[in-house]
Amino acid sequence: MQEITLNTAELLAIPALPLLGALAAGLFGWALKEKLSHIVTSGSVILSAILSVHVFIQVMNGASFHGNFWTWMIAGDFVVPVGMLIDPLTTIMMMTVTIVSSCVHIYTIGYMHGDPGYPRFFAYISAFTFSMLVLVMGNNFFTLFFGWEAVGLFSYLLIGFWYQRDTANKAAMKAFIVNRIGDFGFAVGILAVWYYFGSVEYKTVFAMTPDFVAQNVTLGFMGWEVTAITFICLALFVGAMGKSGQVPLHVWLPDSMEGPTPISALIHAATMVTAGVFMVARLSPMFEFSEVALAAVVIVGATTAWMCATIGLVQNDIKRVIAYSTCSQLGYMFVACGVSAYSAGIFHLMTHAYFKALLFLAAGSVIHAVMAEQDIRKMGQLRKYMPITYITMFLAALALSGVPPFAGFFSKDLIIEATMMREFTEFGWVGTFATFALLSGVFMTAFYTFRMFFLTFHNSDRVDAHAKAHLHESPKVITIPLMILAIGAVITGMWGVFVLDIANPQIVEGYFRDAIFVTDAHNPLMILAEHGPHGWYHFVFTAPFWLAIGGIGLAYVMYFRQTAMPAAIARAAGPVYTFLLNKWYWDELYDKIFVAPTRGLGTFLWQKGDLDMIDKGAIHGGIIDSIKSGAARMRNMQTGMVFHYAFAMVVGVFGLLTYLMLSA
Amino acid sequence: MDLHNVLDFPILSLSIFLPLAGALVIWLFVRGDNAVRWAALIVSIASFVVTLPLALSFDTSTSHMQFEEFHPWITTFNINYQLGVDGISMPFILLTSLLTIICIVSAWQCITSRVKEYMIAFLVLETTLIGVFAAMDAVLFYFFWEALLIPMYLIIGIWGGKNRVYATLKFFLYTLAGSVLMLVALLAMYFEAGKTFSMLAFMDYPFDFTWQIWIFIAFFIAFAVKVPMWPVHTWLPDAHTEAPTAGSVILAGILLKMGAYGFLRFSLPMLPDASQYFVPFMVAFSLIAIVYISLVALMQTDMKRLIAYSSIAHMGFVTLGTFMFTQAALEGAVIGMISHGFVAAALFLCVGVMYDRLHTREIGDYGGVVNVMPVFAAVFLFFCMANVALPGASAFVGEIMVLIGTFEANPVYMGMSTKWVAIAATTSVVLSACYTLWMYKRVVMGDLVKDSVKTMKDMTVREFGFFVPLMVLTLWMGLYPLPFLDFLHVSVAHLIEQATTSKLDAAAALVQALPVIDAAHH
Chain A
309 MQEITLNTAE LLAIPALPLL GALAAGLFGW ALKEKLSHIV TSGSVILSAI
359 LSVHVFIQVM NGASFHGNFW TWMIAGDFVV PVGMLIDPLT TIMMMTVTIV
409 SSCVHIYTIG YMHGDPGYPR FFAYISAFTF SMLVLVMGNN FFTLFFGWEA
459 VGLFSYLLIG FWYQRDTANK AAMKAFIVNR IGDFGFAVGI LAVWYYFGSV
509 EYKTVFAMTP DFVAQNVTLG FMGWEVTAIT FICLALFVGA MGKSGQVPLH
559 VWLPDSMEGP TPISALIHAA TMVTAGVFMV ARLSPMFEFS EVALAAVVIV
609 GATTAWMCAT IGLVQNDIKR VIAYSTCSQL GYMFVACGVS AYSAGIFHLM
659 THAYFKALLF LAAGSVIHAV MAEQDIRKMG QLRKYMPITY ITMFLAALAL
709 SGVPPFAGFF SKDLIIEATM MREFTEFGWV GTFATFALLS GVFMTAFYTF
759 RMFFLTFHNS DRVDAHAKAH LHESPKVITI PLMILAIGAV ITGMWGVFVL
809 DIANPQIVEG YFRDAIFVTD AHNPLMILAE HGPHGWYHFV FTAPFWLAIG
859 GIGLAYVMYF RQTAMPAAIA RAAGPVYTFL LNKWYWDELY DKIFVAPTRG
909 LGTFLWQKGD LDMIDKGAIH GGIIDSIKSG AARMRNMQTG MVFHYAFAMV
959 VGVFGLLTYL MLSA
Chain B
74 MDLHNVLDFP ILSLSIFLPL AGALVIWLFV RGDNAVRWAA LIVSIASFVV
124 TLPLALSFDT STSHMQFEEF HPWITTFNIN YQLGVDGISM PFILLTSLLT
174 IICIVSAWQC ITSRVKEYMI AFLVLETTLI GVFAAMDAVL FYFFWEALLI
224 PMYLIIGIWG GKNRVYATLK FFLYTLAGSV LMLVALLAMY FEAGKTFSML
274 AFMDYPFDFT WQIWIFIAFF IAFAVKVPMW PVHTWLPDAH TEAPTAGSVI
324 LAGILLKMGA YGFLRFSLPM LPDASQYFVP FMVAFSLIAI VYISLVALMQ
374 TDMKRLIAYS SIAHMGFVTL GTFMFTQAAL EGAVIGMISH GFVAAALFLC
424 VGVMYDRLHT REIGDYGGVV NVMPVFAAVF LFFCMANVAL PGASAFVGEI
474 MVLIGTFEAN PVYMGMSTKW VAIAATTSVV LSACYTLWMY KRVVMGDLVK
524 DSVKTMKDMT VREFGFFVPL MVLTLWMGLY PLPFLDFLHV SVAHLIEQAT
574 TSKLDAAAAL VQALPVIDAA HH
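So the sequences go chain by chain: A and B.
Heads up: the first sequence begins at 309 in the working numbering, then just goes up one per residue.
Heads up: the second sequence begins at 74 in the working numbering, then just goes up one per residue.
By construction, these hints were calculated from the structure, which means they are not laboratory data.
All figures in this text were calculated on a predicted structure; none of them were measured in a lab.
Some clues are possibly wrong.
Stated by the list, open to error - Covered by chain A, per the in silico footprint, the following chain B stretches (three or more residues, Cβ under 8 Å): (1) 366-375; (2) 438-451; (3) 469-480; (4) 491-499.
Unchecked claim - Below, simulated BS3-like cross-link-like pairs (lysine-lysine); rule was C-alpha separation at most 27 Å, straight line: (5) B:LYS530 to B:LYS243; (6) A:LYS924 to B:LYS527; (7) A:LYS916 to A:LYS900; (8) B:LYS530 to A:LYS341; (9) A:LYS478 to A:LYS784; (10) B:LYS243 to A:LYS916; (11) B:LYS235 to B:LYS189; (12) B:LYS189 to A:LYS478; (13) A:LYS343 to A:LYS478; (14) A:LYS343 to A:LYS900; (15) B:LYS527 to B:LYS235; (16) B:LYS527 to B:LYS243; (17) A:LYS341 to B:LYS527; (18) A:LYS784 to A:LYS692; (19) A:LYS924 to A:LYS784; (20) A:LYS916 to B:LYS235; (21) B:LYS235 to A:LYS924; (22) A:LYS776 to A:LYS692; (23) A:LYS478 to A:LYS924; (24) A:LYS341 to A:LYS692; (25) B:LYS527 to A:LYS478; (26) A:LYS478 to B:LYS523.
We put the beta carbon where it would ideally sit given N, CA and C, even for glycine.
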């Protein structure tokens, strides 16, 4: 294979085009009006997609790029460059992002038609595309963080796009703040990477990692010791959990469905939420050296995959079903990364991007048709009215359920088989747990997908009369993106396995080359190749296939044949059903243990700390008064209120810190 | 090549006294409110232009004071009119002259009583602020430091809100109490260091450890009040809420920086051993500022009060970075201050824009502002996101540098790892998002319900105009901070060298040498 050099101008144009489009629509949307706004933004994103495909082909043929364009900041020996790393992992992300984004742009022309914020919406989604491209194309932790925060910002803006709705505003804020909790971990991870490696560039850090691990550097806090590499990976993974909606930071993702449907497809299904998976794969040369971090990734991923699937079983909002499915599928991808089958994780990321974006856009088409109704109990028999939406959604549902030969089957099957092969030396139970979670998840996925599908398109006709009068297939500008994505949902699985050789256990010889690193000590794909089943027909003998078929079958029976059954089961299951319907009460729990105490603590510090203690106590009353009120506070110390104790803890920690520093 | 070297032109003196001269001219010769406004604007723009050469012909390769001026003043006490700037003080002078223009423009319509006095107060304030940052003689510094209380006092006291008397009194007493101790410390240093008030001489003089400790404490009280640091911060929310918009802008933009500047100019280079000694306290107070104050900010119902608390929290990063003695942390502290000068100033202006329309600062009185003021909502969001320190905004550069510097300071200065301090400070990532976005949601987002909000009109061109330079600077500094950092590199490196070189050996040597010198005298 001969060396092909990538054109730097072309590489820069890929993120620059959507940015320019966004600026044009954002700043001059009032002058461009609807038509020019969508032409300039969609045009630039489509162009960017064409260039991405071009770069993808070049990289597939052996090209790569690594270089810095300018220095962002210097302070002493702390240097942050801005540059790009273009390799197979990058290009598969670039291509997925720009293609899905192009489809969503075109779709939006029809979906958002007539909305007063039309140019603004296009500006946001183009700017989002730019941010996402920065995220994947960067060559260091800071470009990653920059893109990371920027996609978070546009996610915030787009969830709250319909700012009159209070629920949308709340969801936007929740998304931002929960993501920020993840970013806390991410930022700490970056600090540690800089501290231990003296660089923030991937290549430099990765090259140093093996030696660094060999030095066995640890870091301790009050008797708790952890190796530095594990600390770094876990901290960074907290960021990934936030962005990718993993338990316990998943609570924002289902609420983000308050945003317009095109962004649910683009941001909260296909691209942004997969950034965490991308991060772990990108950082595989670091994660590979921490068994603890990998086990944590598997545990979190498997828990999310299973738990969100259970919630998805009973949801009635069409978008929420798909949203929980997204959380759950992201869990699969994380498990893949955690068991060192990164290539399977990224493969699933790609196939998922197409079929999940398709599911959302098709759901949007349905919502559009039934006058903004999202409750699947008020749909039914829609196949008669919207055949294209029906067929494309059917394909997407098959792909999500993992039915061969559709896209999801190949990637999901690979993940599950790899998980079965991976044995953790220290945490033996993790593999078993993950296998169980993923297998039962397959059954539930197939079930809830087809439950939603049957309730929407088959079953009895429950559409109200008002909506029925307007019921019609969506215009071409909406259905064409569905069809494009449907192609992706059908072929990307086969394409990945047979054309790209994405699942090659010898990573270096397969599609990913040196973009992904797996130590020989635990390469599940290798074991799979040696000991696993062979032949294209082997799916017939594997559990995932039959579980998927079983899930679809059960959905068929319950929502196609015995339509009285679901209600009976719900009644019989009683508390379990309510528990699932209320999403395991995560929101209520967080309100109780975080939100309310934080507010209480804030009020307490303000009223008691600032006003009473400092102002009244120290300033006005002087020492005598403060002694008096101090005594009163002592009496009140055992109040039984959480935030009082929390306050005492904060003070205690500061006291302890000061003491430790002074005594050391 | 440098303007001041070729012409030997006293740029610093001109920067200091041009606003004062302008104020004098306005006082004596200008009649009519509108004429006063224009005159003040012209003076402030001229003053800004005059300060530009400080940056443009600044020599980034030296840590020596530049644009120096020296004239004997009160020779009996060896007090001199000595000026000079380095990379740390120079940016603040430009920030001052820039923000003064914005203050004058922002007051165009909302100040209708005593316009002339108002404008004069701001121009005099500009003089004193630039004087503080340019002075290299301790008495001159002290003179400007105290003098600025008068215009600030008047601005809050005359054009302030309902509770202005309480707020001004509190502000005045707090800062005065701090200043008195600073004066005592300066006098003590004068006698100890051989009857000189030269700040450069103070930096060179080897004070022994006990001296350093006591002087540090005195300085600490003076500077901590200004920063302000917990627990002497409670004057700030009151002063901010009662101050007119432009008063808040100067207060947050410049006045708060004087305290941290004091640490950088006095405590660190003059008292290195005491500074090292007090690191744990400074760290603890900074962390409290970041965590405690953020939680308090969360529960505020008054927008100005909320932003005031947010300012204190951000200044926590500055004091943290100041006492880490690493290049990244110290540069981050200065960048953080300048950035805060843009962002907090702009946030107060945003509140001012709304206050001019509804005459209330209560969050609960708003809601759905975006429906009637879309352009304003975008501008407000821009600065809210900058306040949250989103990458791309200037605040991020300052905060991440402080965190990096704090994290890496680790093994050198303390047995207890500052890694955990950096991690604790990183919680600001979450807390700042909570209080800022919650405020934004309640004020700007939502449906249009309140009748009063329905009457609000979007920003005028004049109002939009004064946000533009702040937006440009915030983005510039966030996306391409190198030009700003270039000013700092050498000066900060020099400062770190001063702050980490113990004076104790030299002090001990001096003590031993003294009898010999005394003997020689006799």
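Hint by hint, here is what the structure shows:
Coverage of the stretch 366-375 of chain B by chain A holds [criterion: at least 3 residues with CB-CB distance below 8 Å; count 6]. Taking a C-beta to C-beta cut-off of 8 Å, the stretch 438-451 of chain B contributes 3 residues in contact with chain A, enough for the three needed, and the coverage statement holds. Counting residues of the stretch 469-480 of chain B whose C-beta sits closer than 8 Å to any C-beta of chain A gives 7, which meets the bar of three, so the coverage hint holds. Counting residues of the stretch 491-499 of chain B whose beta-carbon sits less than 8 Å from any beta-carbon of chain A gives 6, enough to reach three: the coverage restraint holds.
For the proposed pair B:LYS530 and B:LYS243, the alpha carbon gap of about 36 Å is over 27 Å, so the pair is violated. Using a Cα cut-off of 27 Å, the hinted pair A:LYS924 and B:LYS527 is violated, with the two alpha carbons roughly 40 Å apart. The hinted pair formed by A:LYS916 and A:LYS900 meets the criterion: a straight-line CA distance of about 22 Å does not exceed 27 Å. Distance check on the hinted pair: B:LYS530 and A:LYS341 sit about 23 Å apart at the alpha-carbon level, within 27 Å; holds.
In summary, the hint linking A:LYS478 to A:LYS784 is not supported, as the alpha carbons are separated by about 34 Å, beyond the 27 Å threshold. Distance restraint check for B:LYS243 and A:LYS916: the Cα-Cα separation of roughly 19 Å lies within the 27 Å cut-off, and the hinted pair is therefore satisfied. Our distance criterion of 27 Å between C-alpha atoms is met by B:LYS235 and B:LYS189, whose separation comes to about 22 Å. Proximity of B:LYS189 to A:LYS478 is assessed by CA-CA distance (about 46 Å); at most 27 Å being required, the pair is judged violated.
About 31 Å separates the Cα atoms of A:LYS343 and A:LYS478, which puts this hinted pair outside 27 Å; it is violated. Between the alpha carbons of A:LYS343 and A:LYS900 the distance comes to roughly 48 Å, so the proposed pair goes past 27 Å and is violated. Taking the CA atoms of B:LYS527 and B:LYS235, the gap is near 25 Å; set against the 27 Å cutoff, the hint holds. With a CA separation close to 37 Å, the supplied pair B:LYS527 and B:LYS243 exceeds the 27 Å bound.
The straight-line distance between the Cα atoms of A:LYS341 and B:LYS527 is roughly 25 Å, inside the 27 Å bound, and the hint therefore holds. The hinted pair formed by A:LYS784 and A:LYS692 meets the criterion: a straight-line CA distance of about 17 Å does not exceed 27 Å. Restraint check for A:LYS924 and A:LYS784: not satisfied, since their Cα atoms lie roughly 69 Å apart, outside the 27 Å limit. Our distance criterion of 27 Å between C-alpha atoms is met by A:LYS916 and B:LYS235, whose separation comes to about 24 Å.
For the proposed pair B:LYS235 and A:LYS924, the alpha carbon gap of about 20 Å is at most 27 Å, so the pair holds. Straight-line distance between C-alpha atoms of A:LYS776 and A:LYS692 comes to about 12 Å, which keeps the hinted pair within the 27 Å bound. For the proposed pair A:LYS478 and A:LYS924, the alpha carbon gap of about 36 Å is over 27 Å, so the pair is violated. With a C-alpha separation of about 36 Å, the suggested pairing of A:LYS341 with A:LYS692 is violated against the 27 Å cut-off.
A C-alpha spacing of about 22 Å is found between B:LYS527 and A:LYS478, which places the hinted pair at or below 27 Å, so the restraint holds. Distance hint between A:LYS478 and B:LYS523 is fulfilled; the C-alpha atoms sit about 19 Å from each other, no more than 27 Å.
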